[in-house]
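Line order of the protein sequences matches chains A and B.
Residues 158 to 431, numbered by the numbering used here, are exactly what the first sequence covers, in order.
Residues -10 to 232, numbered by the numbering used here, are exactly what the second sequence covers, in order.
Fair warning: there could be bad hints in the mix.
Claimed, not checked - The following residues of chain B were derived to be distant from chain A, with all beta-carbon distances above 10 Å:
1) Asn40
2) Glu65
3) Gln121
4) Phe125
5) Asp214
Unchecked claim - PhoX-like mimics (lysine-lysine), calculated; alpha carbons at most 20 Å apart, straight line:
6) Lys189(A) with Lys425(A)
7) Lys124(B) with Lys425(A)
8) Lys189(A) with Lys368(A)
9) Lys124(B) with Lys426(A)
10) Lys148(B) with Lys353(A)
FYI, nobody ran anything at the bench for these hints, they're computed from the structure.
Backbone N, C-alpha and C fix where the C-beta goes; we use that ideal spot for every residue, glycine too.
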Amino acid sequence: MYPDAETWRINIAFLILAISLASIFLLPQKFKKYIILYLLFIYPIIALNLISGGIFGLKWIETGAWGGLSLTFIVSSFALIFCFPIGVFLALGRRSNLPAVKYCSIGFIELWRGVPLITVLFMSAVMFPMFLPDGVFMDKLMRVIIAITLFEAAYMAEVIRGGLQALPRGQYDAAKSLGMGYWRLHFLVILPQALKLVIPGIANTFLALVKDTPLIFVVGLLELAGMIGLAKTNPKWLGMAAEGYVFAGLVFWVICFSMSRYSLSLEKKLSTER
Amino acid sequence: MSNIIELKNVNKWFDKFQVLKDINLQVNQQEKIVICGPSGSGKSTLIRCINRLEEHQEGQITVDGNEISENTKNIENIRANVGMVFQQFNLFPHLSILDNCTLAPIWVKKLPKKKAEEIAMENLKGVQIEDQALKFPGQLSGGQQQRCAIARALCMEPKIMLFDEPTSALDPEMIKEVLDAMVSLAKGGMTMIVVTHEMGFAKEVADNMIFMDEGRIVEKAKTKDFFDNPKSDRTKLFLSQIL
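Isolated chain A, as found in the complex (with noise of 0.2 Å):
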């Protein structure tokens, strides 16, 4: 468990959050390019160095003791920043011409769709730390976040496959026509194009990714509705699980709810037709 001493720090994580995503609609719009950026590559190194300490002589926590909502932030985060650019490079892969990489991408996309999320996290937890050398060491949070990310590119591969299969043949066509290549032809013409097509697809995995942290409990890791889990036996807390468990969902709505929203409204932003 996290000291009761410290949870100032993850209090000022959290603010230092919700002041950023403030400033983006406060601060003129020039600045939101370099607060997206901040909050990207950032303020995630601010926010981890703060939670797990260990610089400038704050007790180091390690991530075993990490919990609650500010854990459903870290994983959903860190998992939907990093599955999206996988995912989109298994969508190309496996259109590929080239063999080697198509076959490597459908083998990858079709293992991690066919197992369910449950004994990924059992071997990302328990199996894995196994196959490392000796010496070798890699904190557990960070496998489960990675097995995480893997599992939901594969979804999200095939999410965006959907919409680079809809657009017409005249746009490569085009493109090609005008000199592009395979990188320039899919980044300037092909993917803006097909994940516009398929956002509400992937609002849809991210939803399902937020809601697949709790799964993290069966390795020992507790984020919000894990921690009320624990809560509800706590004698102090005794009689209050259906409360616990009511406020954990509406705190998932509320999240999803808001990313929906969003991805509703960028759909809305990037429309062109008249």
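Since chain A is already given, all that's left is putting chain B on it; use the hints.
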């Protein structure tokens, strides 16, 4: 005058079906060629082979001194010099008209954005849609979209322009505006290969006419001879139906 495009004994199959049979063709710089023929005769496939949107299996295709084959390493460089206009316009719907025109110059030719926009506005002016530059393709009429597609191809400053039935998907009253744009392009000295059924345009612009049927070039002649006394019976039949 030198040959900018040369096809020698080109054969092409789709699986077992032979779409191009022993095609021989030379195109001079600044020459305008119109290809006509019934549907399924291989005219579109022929011009798509010239920038390798389709692969030929036998024979030689040379464009601007470079032979085009599966070993061609810099096919992108060759394509950048060969503009193409499609029946279905194929504008990029997620980009504005101006961005459609600047995308390839910026990313393929590496022009600075400002320079690319200057060229784009010039070409859009040339096809008289400069006032639509900030709209999206979905907001334009078919004729305007096709003129934008012509401008987009011209922004790469190609040496050759290929037209694949550019007016076949248009309403009759929009055909003229597109043909006008093509006529003024021809007068500017562009090398053009045009697949079309617009015989009025052909008579006005073409130096040479080609009639294709069942994958073969049945007849190639000076435009005047082609219309006044076609040699093969198949051409006569086709012209009697179309004129």
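Comparing the hints with the structure gives:
With a least CB separation of 6 Å from chain A, Asn40(B) falls inside the 10 Å interface cut-off, contrary to its annotation. Distance to chain A contradicts Glu65(B) as a non-interface residue, since its nearest Cβ pair spans about 5 Å, not more than 10 Å. For Gln121(B), the requirement that its beta carbon stay farther than 10 Å from each beta carbon of chain A is met, with the minimum near 13 Å. At roughly 4 Å, the least C-beta separation between Phe125(B) and chain A is not larger than 10 Å, which violates its mark as non-interface.
With a cut of 10 Å on Cβ distances, Asp214(B) stays outside the contact zone with chain A, its closest approach being about 32 Å. In summary, the hint linking Lys189(A) to Lys425(A) is supported, as the alpha carbons are separated by about 19 Å, within the 20 Å threshold. Restraint check: the Cα-Cα separation between Lys124(B) and Lys425(A) comes to about 17 Å, which is no more than 20 Å; the hinted pair holds. Restraint check: the Cα-Cα separation between Lys189(A) and Lys368(A) comes to about 28 Å, which exceeds 20 Å; the hinted pair is violated.
For the given pair, Lys124(B) sits about 15 Å from Lys426(A) by alpha-carbon distance, which is consistent with the 20 Å threshold. Simply put, Lys148(B) and Lys353(A) have alpha-carbon atoms about 35 Å apart, too far for the 20 Å limit, and the pair is violated.
Violation of the numbered hints given earlier is confined to hints 1, 2, 4, 8 and 10; the remaining hints are satisfied by the structure.
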